[in-house]
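Next come the chains, spelled out residue by residue.
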Amino acid sequence: MAIDKQTVKYIAHLARIELEPSELEKLSLQLQDILGFIDKLKKIEVKDISPTSHILAISNVLREDKPKESLPIDKAMENAPQRQGNFFVVPKVIE
Amino acid sequence: MEINKLTAYELIKKQNAGEVTSQEIIDSLKKRTEDVDSKVKAYVRFSDKSFSNLQLTTYNLQLPLRSIPVSIKDNICTEGLNTECCSKILQGFKPPYDATVIRKLKEAGASIFGLKTNMDEFAFGSSTENSCFGPTRNPWNLECVAGGSSGGSAAAVAADEAILALGSDTGGSIRQPASFCGVVGLKPTYGRVSRYGLIAFASSLDQIGPFAKDVRDCALLTQVISGYDPNDSASVEAEVPDYTKALTNEIKGVKIGVPQEYFIQGMDAEVKDIIEEAINKLKGLGASAGQISLAHTEYAVPVYYIIATAEASSNLARFDGVQYGYRYRAGSQSLIDMYNKTRGDAFGDEAKRRIILGTFVLSHGYYDAYYLRALKVRTLIKQDFDAVFKDFDCIVTPTSPTPAFKIKEKIADPLKMYLSDIYTISANLAGIPAISLPCGFTKKGLPVGLQILARPFHEEMLFKVAYAYEQNTPWHKMKPEL
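So the sequences go chain by chain: A and B. Mapped onto our numbering, the consecutive letters of the first sequence carry residue numbers 1 to 95. Mapped onto our numbering, the consecutive letters of the second sequence carry residue numbers 1 to 482.
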């Protein structure tokens with residue numbers, strides 16, 4: 001599978017990462033290399049194999065729907081780069 | 001007596017006998033760190049202030065780690081104390097809570113030392129060169145890497161700047177640096193140790209684990225951090241046995257499997273000789289060894305770099321300049337622009353590479369060909385181990401195909417770096433526990449690590465075999481000259 005610069009640029013945008021032109025150049029080549037290596041997986045027949053998303057034999061880990069103590073708002077927000085009262089401030093979303 | 005060179009077990013005995021105080025332990029480590037850390041660079045932040053608010057609250061002779069300082073990797077949350085994953089994007093982040101392992105350490109009487117140890121950014125790497133603070137150096141040869149991603153924790157213990165340390169292991173990030181630095185490191189079974197408060201890299205693979213100077217200390221620290229935690233939905237309600245009971249120095253009848261696929265090209269000739277000698281030693285102690293096959297070994301690295309990057313791309317979506325850490329501020333900008341610039345500016349090269357690769361393998365049109373296929377091959381890799389453990393008690397391999405490599409040797413070639421994890425990745429994919437302990441030195445004086453793997457939740461088998469090997473060899477007593 002080849003991955004071209006256009007694809008890398010598109011994927012980087014999906015991942016919300018701005019790349020410098022020189023980074024895009026280098027990364028495209030490196031990803032081509034890595035995907036070329038990964039392609040060896042195509043050698044294996046996996047038709048009747050079920051996927052393993054995690055290895056534990058547990059599923060649907062639920063707890064009782066009871067409110068518990070949570071972090072005070074001030075403490076939860078003290079790392080915010082910008083806040084106003086109990087809100088995170090972000091650049092304007094609607095023009 | 002150089003207090004900092006003792007083990008936790010020895011220090012506890014000495015405290016009980018009134019021969020050493022908690023303050024003397026801290027002072028001794030502090031002095032050592034001041035003397036050598038400008039060379040080793042195991043710690044990324046270090047200040048006197050760190051000790052005052054971390055002094056023992058109680059002095060209780062019953063506590064299993066009383067007054068023992070433990071050094072912590074920079075991706076494990078410590079309340080009010082910087083936890084940055086050695087990334088610019090988490091600059092200044094002070095967690096509002098302690099990780100479960102930190103709470104358990106405090107409850108066991110331990111103190112948190114150093115604040116904190118160096119790592120590859122977000123644990124992405126095998127050399128600790130991807131840290132925004134620069135690389136940690138190998139105490140055995142300062143021109144070499146300490147391994148990674150938990151290179152700071154491994155080097156701190158090796159250089160006697162730490163008594164014990166915690167790291168995290170997603171594809172070998174505890175065992176490989178333990179091997180490179182000549183110390184003991186364990187990746188517990190997936191589900192054995194709570195991941196609550198570990199800043200996530202790949203959630204289906206991550207485990208926190210210990211670094212120690214010997215196997216007894218490793219068992220001691222594993223004991224303290226293990227156990228069910230309702231705050232981690234992948235934590236397992238299984239009893240934690242008394243691991244010290246496994247330290248019998250008796251391995252007669254233990255059946256060891258040696259995978260033929262691990263002794264192939266790419267393996268350093270000296271490493272091969274040293275590992276074969278170690279296997280002979282285990283046989284001499286009464287174990288039996290037989291050749292086994294882990295047929296899908298060659299697929300472990302590609303499977304890992306699909307699954308781990310896919311999970312990472314999702315886990316790292318939260319770093320967007322809104323809730324914590326760094327935000328790009330220059331110029332007027334839209335919200336999307338702020339995300340793009342914040343992440344483009346603050347993530348390092350390897351983080352960008354992995355997030356983009358992970359986004360790619362999950363994206364429309366590629367999901368089945370890459371991600372789903374990798375999950376299926378993961379099943380085959382796990383089945384290989386299940387089959388072997390029907391007939392064998394444990395598996396013995398090298399931890400890494402080579403001893404520590406030079407700084408800058410592999411950093412420009414990501415694929416080459418990825419391949420250095422070839423022997424450690426499978427344990428994470430299969431969820432099984434694995435330990436690395438020193439088993440010899442190359443002619444140039446670099447440590448070599450022996451890896452032992454066992455069935456899920458059978459950490460005692462690792463301690464049993466590792467302890468017997470260690471007690472009958474001199475390697476764990478060797479110290480680097482700094």
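A hint or two may mislead.
Stated by the list, open to error - List of simulated lysine-lysine pairs, DSBU-like, C-alpha gap at most 30 Å:
id, chain 1, residue 1, chain 2, residue 2
1, A, LYS5, B, LYS443
2, B, LYS443, B, LYS88
3, B, LYS477, A, LYS9
4, B, LYS477, B, LYS272
5, A, LYS9, B, LYS416
6, B, LYS272, A, LYS40
7, B, LYS443, B, LYS390
8, B, LYS39, B, LYS341
9, B, LYS444, B, LYS272
10, A, LYS42, B, LYS88
11, A, LYS40, B, LYS352
Said to hold, decoys possible - Per the computed footprint, the stretches of chain A lying under chain B, defined by three or more beta-carbons under 8 Å from a beta-carbon of chain B, are:
id, region
12, 42-56
13, 79-86
Hints in this document: simulated from the structure, not taken from any laboratory. Just so you know, even glycine gets a beta-carbon here, dropped at the ideal spot from N, CA and C.
Evaluated hints:
1. A C-alpha spacing of about 46 Å is found between A:LYS5 and B:LYS443, which places the hinted pair above 30 Å, so the restraint is violated.
2. Restraint check for B:LYS443 and B:LYS88: not satisfied, since their Cα atoms lie roughly 39 Å apart, outside the 30 Å limit.
3. For the hint linking B:LYS477 to A:LYS9, the alpha-carbon distance of about 52 Å lies beyond 30 Å, and the restraint is violated.
4. For the hint pairing B:LYS477 with B:LYS272, the CA-to-CA distance comes to about 22 Å; that is within 30 Å, so the pair holds.
5. Annotation: proposed proximity of A:LYS9 to B:LYS416 holds, straight-line Cα distance about 24 Å (limit 30 Å).
6. For the suggested pair B:LYS272 and A:LYS40, the alpha carbons sit about 26 Å apart, so the restraint of at most 30 Å is met.
7. For the proposed pair B:LYS443 and B:LYS390, the alpha carbon gap of about 38 Å is over 30 Å, so the pair is violated.
8. For the hint pairing B:LYS39 with B:LYS341, the CA-to-CA distance comes to about 35 Å; that exceeds 30 Å, so the pair is violated.
9. Simply put, B:LYS444 and B:LYS272 have alpha-carbon atoms about 15 Å apart, close enough for the 30 Å limit, and the pair holds.
10. Simply put, A:LYS42 and B:LYS88 have alpha-carbon atoms about 37 Å apart, too far for the 30 Å limit, and the pair is violated.
11. Distance restraint check for A:LYS40 and B:LYS352: the Cα-Cα separation of roughly 24 Å lies within the 30 Å cut-off, and the hinted pair is therefore satisfied.
12. Beta-carbon proximity to chain B at under 8 Å applies to 11 residues in the region 42-56 of chain A; the threshold of 3 is reached and the given coverage holds.
13. Judged by the Cβ-Cβ criterion of 8 Å, the region 79-86 of chain A is covered by chain B as claimed, because 4 of its residues qualify and three suffice.
Hint violations for this structure: numbers 1, 2, 3, 7, 8, 10, all remaining hints satisfied.
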